[in-house]
Amino acid sequence: MIEVRDLVKKYGSVVAVDGVSFDAAAGSIFGLLGPNGAGKSTTIGCISGLLRPHAGTVRVLGHDIVGASTKAKKELGVVPQEIALYEDLSARENIAYWGGAYGLSGPDLKRRTDEVLALVGLADRAKEPIKKYSGGMKRRLNFACGIVHEPKVLLLDEPTVGVDPQSRVNILDLVRSQAQTGTCVLYTTHYMEEAEALCDSLAIVDGGKVIAQGTMRELRQRTEERDLLRLNGQFDVPHIEKKLHDLDHIEIIQIHETQITIAAGQGGNRLPEILGAIGETGADIRETTLSQPNLESLFIKLTGKELRE
Amino acid sequence: MRSVWLIFQREFQAYWTSPVAYVVLAMFLILSGFFFFGEFSRFVDFSQRGGSGVDVNQMLIRPYFYTVSVMILFLLPLVTMRLFAEERRQGTLEVLLTTPATEFSLVLGKFFAALGLFAVMMLGSVVHIGLLFIFGSPDLAPVLTGFLGLFLTGAVYIAIGVLLSSLTQNQVVAAAISFSLFLALWLFYWIGGLTSGSLSKVLLYTSLAGHFENFGRGVLSSSDFVFYLSWIVAGLFGATQVVQSTRWKA
Numbered sequence: 001m002i003e004v005r006d007l008v009k010k011y012g013s014v015v016a017v018d019g020v021s022f023d024a025a026a027g028s029i030f031g032l033l034g035p036n037g038a039g040k041s042t043t044i045g046c047i048s049g050l051l052r053p054h055a056g057t058v059r060v061l062g063h064d065i066v067g068a069s070t071k072a073k074k075e076l077g078v079v080p081q082e083i084a085l086y087e088d089l090s091a092r093e094n095i096a097y098w099g100g101a102y103g104l105s106g107p108d109l110k111r112r113t114d115e116v117l118a119l120v121g122l123a124d125r126a127k128e129p130i131k132k133y134s135g136g137m138k139r140r141l142n143f144a145c146g147i148v149h150e151p152k153v154l155l156l157d158e159p160t161v162g163v164d165p166q167s168r169v170n171i172l173d174l175v176r177s178q179a180q181t182g183t184c185v186l187y188t189t190h191y192m193e194e195a196e197a198l199c200d201s202l203a204i205v206d207g208g209k210v211i212a213q214g215t216m217r218e219l220r221q222r223t224e225e226r227d228l229l230r231l232n233g234q235f236d237v238p239h240i241e242k243k244l245h246d247l248d249h250i251e252i253i254q255i256h257e258t259q260i261t262i263a264a265g266q267g268g269n270r271l272p273e274i275l276g277a278i279g280e281t282g283a284d285i286r287e288t289t290l291s292q293p294n295l296e297s298l299f300i301k302l303t304g305k306e307l308r309e
Numbered sequence: 001m002r003s004v005w006l007i008f009q010r011e012f013q014a015y016w017t018s019p020v021a022y023v024v025l026a027m028f029l030i031l032s033g034f035f036f037f038g039e040f041s042r043f044v045d046f047s048q049r050g051g052s053g054v055d056v057n058q059m060l061i062r063p064y065f066y067t068v069s070v071m072i073l074f075l076l077p078l079v080t081m082r083l084f085a086e087e088r089r090q091g092t093l094e095v096l097l098t099t100p101a102t103e104f105s106l107v108l109g110k111f112f113a114a115l116g117l118f119a120v121m122m123l124g125s126v127v128h129i130g131l132l133f134i135f136g137s138p139d140l141a142p143v144l145t146g147f148l149g150l151f152l153t154g155a156v157y158i159a160i161g162v163l164l165s166s167l168t169q170n171q172v173v174a175a176a177i178s179f180s181l182f183l184a185l186w187l188f189y190w191i192g193g194l195t196s197g198s199l200s201k202v203l204l205y206t207s208l209a210g211h212f213e214n215f216g217r218g219v220l221s222s223s224d225f226v227f228y229l230s231w232i233v234a235g236l237f238g239a240t241q242v243v244q245s246t247r248w249k250a
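Sequence order for the protein chains is A and B.
Residues 1 to 309 (full-length UniProt numbering) are what the first sequence spells out, left to right.
Residues 1 to 250 (full-length UniProt numbering) are what the second sequence spells out, left to right.
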């Protein structure tokens with residue numbers, strides 16, 4: 001449904017998206033996971049036709065987003081990161097307007113407006129001006145506007161940013177329900193937990209590049225089921241490196257004078273051994289964090305930094 | 001065409017759900033009524049004193065049109081300032097650009113919506129001039145050409161206003177720049193009169209006031225039409241380019 005090949009987008013000398021390629025299929029949720037500024041929104045912008053790429057191609061149901069933009073755009077629904085609604089209109093009027101922008105009219109538009117209002121739980125407050133809505137309600141309405149025309153491809157750019165936990169659960173349920181109807185969903189997030197809970201397959205992006213890609217299972221396998229041990233304190237780097245190299249099945253992911261990140265199989269069981277080795281160097285360990293293998297540990301393994309940095 | 005209609009409806013409705021349409025209409029009606037009364041009183045006074053060559057078209061209608069054409073120079077920036085600036089501020093422009101609607105259809109829809117509100121404003125002037133037909137018999141042709149000139153002048157201001165609104169997300173900035181430019185286009189006529197040579201010719205040709213005078217006199221000239229249409233096309237084309245450039249900058 002979506003084919004992205006060697007996508008490049010620059011802002012002046014800054015390369016925001018650098019050779020990104022992936023495919024997303026119908027009825028599945030494809031995630032773009034990465035920290036803020038990784039190039040996720042720019043990638044979505046290029047796929048949606050908002051931004052013109054400097055190189056590469058984007059095809060939506062076989063239609064090139066640059067060469068056949070109108071055909072491609074008709075198949076797309078976009079839910080932007082920032083709420084994009086008309087404050088002077090009611091929820092019903094907002095949905096009807098965006099539905100009209102995608103060519104819906106008459107009884108079809110009314111039917112779909114009623115359906116999505118019910119779907120996002122705003123039917124009973126549909127006639128109120130949205131000025132009176134909470135942030136979570138506006139988020140849900142933003143989502144409704146993106147799906148009113150029953151798009152075959154739905155682009156969601158961090159749709160849960162800044163929402164309360166209950167609204168987040170609602171939105172994630174809505175995303176799953178869209179995929180179940182056969183829609184191809186592209187979902188960007190910097191919340192690792194969301195990506196793990198929601199996505200069938202995923203591309204991890206950093207610095208405008210895809211640094212890992214695959215199904216959730218494939219990506220978890222890449223962590224080699226190793227725990228991640230992070231230590232904060234004061235460390236004698238060369239001395240510690242030598243000590244850790246003497247230990248079996250341990251990989252130093254990152255080492256600085258104040259922080260060390262280590263990947264180790266059965267990390268919990270080997271904690272005394274590792275801490276003992278480091279302690280022998282005279283290190284001052286102030287904080288120790290042990291985490292199970294997950295996308296976060298994969299991201300740290302690949303980039304040497306946390307997803308939230 | 002569908003999206004032009006959709007945008008037109010949305011924008012025209014937005015004027016009436018905010019104070020903009022009411023404030024602009026009230027100001028227009030009060031000011032134009034005041035000036036009409038002033039011109040009318042002067043005309044009646046002159047007639048009663050037995051002035052020779054009393055001509056209602058020349059003494060009342062033409063100055064009235066001229067005054068209204070200056071008034072709209074102040075009022076139309078208030079009509080155009082929100083068109084794109086508000087979309088940018090709300091973040092809806094970027095989403096609109098992901099729909100199948102083209103940039104030109106967005107520009108055209110907004111242009112027609114502002115033109116629609118301007119047409120409603122003009123109804124006030126139709127009433128004023130209509131009163132003269134009830135109590136007298138002015139020449140119809142200069143009245144019709146006067147209205148046409150007024151409408152085209154308004155369309156030029158609106159097209160330029162749409163362009164300037166597309167350049168910023170601050171409505172006040174859009175209105176201030178629009179007003180300054182409209183005023184400059186009007187004042188070129190006087191500045192052109194004070195200068196000489198090719199500069200004078202350029203200023204006189206570029207000025208809206210000079211071309212409007214022909215319409216006020218009942219003269220329909222193709223060069224005046226071309227002049228007005230050129231400004232309108234330039235404004236709308238420029239606005240389309242600015243909106244398109246969002247795709248590179250957003």
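No wet-lab data here; the hints were simulated from the structure.
One should not assume that every hint holds.
Over 12 Å on every C-beta distance to chain B, these chain A residues come out as not near it, computed from the model [what the hints assert, rightly or not]:
#1 S48
#2 L50
#3 G56
#4 A72
#5 V78
#6 E87
#7 L244
#8 I252
Listed next, the stretches of chain B that the computed footprint assigns to chain A, with coverage defined by at least 3 CB atoms under 8 Å from CB atoms of chain A [what the hints assert, rightly or not]:
#9 5–16
#10 91–97
In this text the structure is predicted, and so the values were computed from the model without any measurement.
We put the CB at the ideal spot given by N, CA and C, even for glycine.
Status of A72(A), Cβ more than 12 Å from any chain B Cβ: Label violated. Min Cβ-Cβ 9 Å, cutoff 12 Å.
Does the segment 91–97 of chain B contain three or more residues whose Cβ lies closer than 8 Å to a Cβ of chain A? As far as the segment 91–97 of chain B goes, the hint holds, because 6 residues have Cβ atoms under 8 Å from chain A.
Minimum Cβ separation between L50(A) and chain B greater than 12 Å? 5 Å, violated
Find the nearest Cβ of chain B to the Cβ of L244(A) and say whether that gap is larger than 12 Å. Label holds. Min Cβ-Cβ 47 Å, cutoff 12 Å.
Mind verifying the non-interface call on G56(A)? Its CB should be farther than 12 Å from each CB in chain B. G56(A) clear of chain B: closest Cβ-Cβ about 15 Å, beyond 12 Å.
Closest CB of chain B to the CB of I252(A) still more than 12 Å away: 41 Å, holds
According to the definition I'm using, a residue is off the interface if its beta carbon is farther than 12 Å from all beta carbons of the partner; does S48(A) meet that for chain B? For S48(A), whose nearest Cβ neighbour in chain B is about 4 Å away, the distance does not exceed 12 Å, so it is violated.
Say whether it holds or is violated: E87(A) keeps its Cβ farther than 12 Å from all Cβ of chain B. 7 Å, violated
Do three or more residues of the segment 5–16 of chain B come closer than 8 Å to chain A, measuring C-beta to C-beta? Coverage by chain A holds here, the residue count being 3 at a Cβ distance below 8 Å.
Take a quick look at V78(A) and tell me if its Cβ sits farther than 12 Å from every Cβ on chain B, holds or violated. Check fails; 5 Å does not lie beyond 12 Å.
In terms of the numbered hints stated before, the structure departs from hints 1, 2, 4, 5, 6, listed from lowest to highest.
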